[in-house]
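Going down the list, the sequences are from chains H and R. Under our numbering, the first residue of the first sequence is numbered 29, with each subsequent residue one higher. Under our numbering, the first residue of the second sequence is numbered 29, with each subsequent residue one higher.
Since the hints were made in silico from the structure, they are not lab data. Fair warning: there could be bad hints in the mix.
Which copy is meant is left open, so a pair is good if it fits within one copy or across any two.
To be verified - Restricting the straight-line Cα-Cα distance to at most 30 Å, the calculated cross-link-like pairs of lysine-lysine (DSS-like) are: (1) K109 with K139; (2) K130 with K75; (3) K123 with K81; (4) K41 with K75; (5) K38 with K123; (6) K144 with K49; (7) K139 with K108; (8) K38 with K195; (9) K38 with K81; (10) K68 with K130; (11) K130 with K144; (12) K195 with K130; (13) K75 with K139; (14) K144 with K38; (15) K195 with K139; (16) K139 with K38; (17) K123 with K49; (18) K81 with K108; (19) K195 with K81; (20) K108 with K123; (21) K139 with K49.
There are 2 protein chains.
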Amino acid sequence: MRMLEERIRKDGKIRGNDVLKVDSFLNHQVDPVLIDELAKEFYRLFKDENVDKILTIEASGIAVAVMAAKYFARPLVFAKKSRTVNISGDVYSSKAFSFTHKTENTVLVSKEYINKGERILLIDDFLANGCALRALRDIVIQAGAVPVGAGIVIEKAFQTGGEELRKEGLRIESLARIRSMSEENGIEFC
Amino acid sequence: MRMLEERIRKDGKIRGNDVLKVDSFLNHQVDPVLIDELAKEFYRLFKDENVDKILTIEASGIAVAVMAAKYFARPLVFAKKSRTVNISGDVYSSKAFSFTHKTENTVLVSKEYINKGERILLIDDFLANGCALRALRDIVIQAGAVPVGAGIVIEKAFQTGGEELRKEGLRIESLARIRSMSEENGIEFC
Chain H
29 MRMLEERIRK DGKIRGNDVL KVDSFLNHQV DPVLIDELAK EFYRLFKDEN VDKILTIEAS
89 GIAVAVMAAK YFARPLVFAK KSRTVNISGD VYSSKAFSFT HKTENTVLVS KEYINKGERI
149 LLIDDFLANG CALRALRDIV IQAGAVPVGA GIVIEKAFQT GGEELRKEGL RIESLARIRS
209 MSEENGIEFC
Chain R
29 MRMLEERIRK DGKIRGNDVL KVDSFLNHQV DPVLIDELAK EFYRLFKDEN VDKILTIEAS
89 GIAVAVMAAK YFARPLVFAK KSRTVNISGD VYSSKAFSFT HKTENTVLVS KEYINKGERI
149 LLIDDFLANG CALRALRDIV IQAGAVPVGA GIVIEKAFQT GGEELRKEGL RIESLARIRS
209 MSEENGIEFC
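Just chain H, with the same shape it has in the complex (with noise of 0.2 Å):
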């Protein structure tokens, strides 16, 4: 999507040759606008899927993905992340290890939010070594519903998980696909 491309060369900082910073107008600061041209997008690539649910992970999922519902007229759940390891039994839960933020956390679901056989479309910010994507559709898979696709805005496509998840089935549509990136050389996309 050649609108979040320019915007990524604008304004995103990289770190390093894997690291880069879009606080200023995805996870952090968010632009509203940018982030309803995005909604739209996955609606326009999704909308025949029959989605009956949305579902992203907390926190900076969840902007784009509430967007996205409305376009839908679905409901959104987000998956909320926890360090304790108690889990009650009216939850579905999957491991993710964050390599963001060096940590293993717990992602829950209530199983009140997520039934047998309903159509779910899972969004998120970001696709790298697929942790959180993977958990997500673990959960989905658990309740017995079906992970019609997975709709990402900034895949990071020199990492794994997307080309590791798109082996297994699942449909991913990343709207901006970054091939290789560095101080030196700036960004490159798909």
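Given chain H, put chain R in place with the hints provided.
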């Protein structure tokens, strides 16, 4: 706001005399159609305040705040919560005790995203003892910016946070104000 009060009566779950669970439409599963109406109402209430930015706190404030930000056509900033004490020099920070989770969090906003003189509208899903809202207001004041008011989805008016902050001069507009609630007698709105 009648539509919200009716939804709380219909889908809210009371536990004891002070816990109201609105997980099914506000802070785990989110109804984007309802949230959009709440966002429009915040715009109607604060549209003459020349709002430069909206500030909320992760995670459950983000959905309604980003929708409101779209109506104002202004950026949203969401404050981050951290349990770590090491704060770098490039953030504003304030402490907030969470009665829900029984933990003290540090609330953080990068200094890049709130500037001196900016008119900031605070938005959050709940107001009870006022700790989170107080932390957001403190951060705005640290930045030399102006807290023009706070838009709250649900205020527990039987707790003291709202009253105290109003006495200190903060304009607070709550879309539903609960005077009292109990498992036996249900909810009474103000």
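Structure-based check of each hint:
1. K109 with K139: Answer is both: 15 Å inside a copy and 26 Å across each meet the 30 Å cutoff.
2. K130 with K75: neither (36 Å within a copy, 42 Å between copies)
3. K123 with K81: within (22 Å within a copy, 35 Å between copies)
4. K41 with K75: neither (33 Å within a copy, 33 Å between copies)
5. K38 with K123: neither (35 Å within a copy, 34 Å between copies)
6. K144 with K49: between (37 Å within a copy, 23 Å between copies)
7. K139 with K108: For K139 and K108, both the intra-copy (13 Å) and inter-copy (27 Å) Cα distances are at most 30 Å.
8. K38 with K195: neither (33 Å within a copy, 44 Å between copies)
9. K38 with K81: Classified as between: cross-chain Cα gap 21 Å, same-chain 33 Å, threshold 30 Å.
10. K68 with K130: Classified as neither: same-chain Cα gap 33 Å, cross-chain 39 Å, threshold 30 Å.
11. K130 with K144: neither (33 Å within a copy, 34 Å between copies)
12. K195 with K130: within (26 Å within a copy, 43 Å between copies)
13. K75 with K139: Answer is within; shortest intra-copy Cα gap is 25 Å, inter-copy 39 Å.
14. K144 with K38: between (43 Å within a copy, 24 Å between copies)
15. K195 with K139: within (28 Å within a copy, 42 Å between copies)
16. K139 with K38: between (42 Å within a copy, 20 Å between copies)
17. K123 with K49: Classified as both; 25 Å inside a copy, 25 Å across copies.
18. K81 with K108: Both: 16 Å inside a copy, 26 Å across copies.
19. K195 with K81: Within one copy, since 24 Å is at most 30 Å while 42 Å is not.
20. K108 with K123: both (11 Å within a copy, 22 Å between copies)
21. K139 with K49: between (34 Å within a copy, 15 Å between copies)
In summary, the numbered hints that this structure violates are 2, 4, 5, 8, 10 and 11.
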